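Below are the chains, spelled out letter by letter.
There are 2 protein chains.
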Amino acid sequence: MISGTTILIAHMGYPTHSFKAPLIYNPWFDHRGIDAVVVPMGVQAPDYPAFFRPLFRLTNIRGALVTMPHKVTTVDLVDELTPTAQIAGAANAVLRRDDGTLLGDQFDGAGFVRGVQRKGVELTGRRALVVGSGGVGSAIAASLAGAGVGTLAVFDAQAVAADALAGRISKNYPDIEVVTGSKDPDGYDVVVNATPLGMEPGDPLPVDVSRIAPGTFVGEVVMTREITPFLQAAQERGCPVQVGKDMLFEQIPAYLEFFGFGTTTPDELRAVSRVEG
Amino acid sequence: MISGTTILIAHMGYPTHSFKAPLIYNPWFDHRGIDAVVVPMGVQAPDYPAFFRPLFRLTNIRGALVTMPHKVTTVDLVDELTPTAQIAGAANAVLRRDDGTLLGDQFDGAGFVRGVQRKGVELTGRRALVVGSGGVGSAIAASLAGAGVGTLAVFDAQAVAADALAGRISKNYPDIEVVTGSKDPDGYDVVVNATPLGMEPGDPLPVDVSRIAPGTFVGEVVMTREITPFLQAAQERGCPVQVGKDMLFEQIPAYLEFFGFGTTTPDELRAVSRVEG
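Those sequence lines, one after another, are chains A and B.
Here the working numbering = 1-based position in the first sequence + 377.
Here the working numbering = 1-based position in the second sequence + 377.
The set of hints was computed from the structure by calculation and includes no laboratory data.
Possibly wrong hints are sitting among the right ones.
Claimed, not checked - Computed Cβ-Cβ distance ranges for the label pairs, DEER-style:
{"hint": "1", "chain 1": "A", "residue 1": "T528", "chain 2": "B", "residue 2": "I411", "range": "41 to 49 angstroms"}
{"hint": "2", "chain 1": "B", "residue 1": "V449", "chain 2": "A", "residue 2": "I384", "range": "54 to 62 angstroms"}
{"hint": "3", "chain 1": "A", "residue 1": "V449", "chain 2": "B", "residue 2": "T642", "range": "33 to 41 angstroms"}
Stated by the list, open to error - Computed list of chain A residues with no C-beta within reach of chain B, every gap over 10 angstroms:
{"hint": "4", "residue": "T383"}
{"hint": "5", "residue": "D424"}
{"hint": "6", "residue": "D453"}
{"hint": "7", "residue": "P581"}
Remember, it's a predicted structure, so these values are computed and weren't measured experimentally.
Glycine included, C-beta positions come from ideal geometry on N, C-alpha and C.
Model the full structure from these sequences, guided by the hints.
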């Protein structure tokens, strides 16, 4: 029940019709008795910069969820970025801290990493390959770096994108060995498809699966179907996998912690949410 | 249940803690199955002008409720004002019309007038006296003018305030006889206290009640108690009365109509609201 004491979390993007966050966060706030609400705000790109700063002057706002098309723009509008957001080159969450300054963070990759860790995979010191250096690939690479991998290979068909991402990783995590120029999965402990390959029938596989060793953990960002051809091929080789949708519910506890609402589990969220999944 | 299709009504003011509107409007939206929500937004005075226009660029906003300290400032921020808002010199509601332009209106007086009319009092052509030309007095005078009174007397201890109000009434309603300079209630059909007199013990009565004819309709804006000394004195003379709180629930249907959500009654609102009254 919204009242004059309710804390606001703005959910900014455009269009708003497919927004899922209000249907997950708000039932959870109710369930936990937390006086907060996620409010969808449809903002078109040209209107975003002028709205952004005044919004965070509201006395009852704590932060914002940021989605398309504003994730990259947000980088230049906040006061500070976490290393994850710096590496990703994008922010999908903003926290107004007690002193009024705005911190941008990026949780697209946190959902992936938390899912992997929940499946019992140790990441510290391990070797990971992320294929695709776009928004989601950069975010996953950033979160893998934050989780302490020892070697991180990033690959993109556009070499310049992978090279730029590699530079941002090295700047923030100088101790990590960063590799570019190959998508050969041989010798990696974790292999991630962060390209769109697998969305369309007939897409080629993102990497040569015959080069993935059995036991390598294989992750996927494509969500159009649960088991993509890539995941199916990996499973046939005896690899444990993570499906694309696991990222979604896994990232919400990270957001809730960021905003200071405590934490939860994907299972609790699924139990109370009004979204199927 | 808020979703990506929900229409927003911002409720702007500061502080927000005592806001009642979300507790009345939102249960009514639920009750009627209307996909809309009133969202409290705490805005301090210096931040208001910069926030105002960007807010109404949101793709899912329909309008705003405006309360202290922004009612007067809003007059200069909208594209157009209704005659009621022009006379009141203040706006407490903003509608974003289909063409994107912003219309300001003022419903503090509408609540008073609707309450009077609901009690069966005909206002067309009648003679009304409003004592007090501050915010609420100006709003009530504006709504009485809009309801078609024939003669409208306005009085304030600060004569300049009453004279300015009289000028705004005459400009918008040239056919109404506007009277200033006296608070003698003799000969009026409706007499309204729109001063704070009656809030404190020992306050003098706002007008000389011995000059009010039995049968004159007497209204009050003070809400600190149901029957103020003024209303009690009027009742003892045989006058029908309207208590201050009647304005509150009576004005909400006017707001809902303004925003295009259909209409309701104070009884239905009371039945579903989470506010006592």
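Quick check: which numbered hints come out false for this structure?
Numbers 1, 2, 3, 4 and 5, in rising order.
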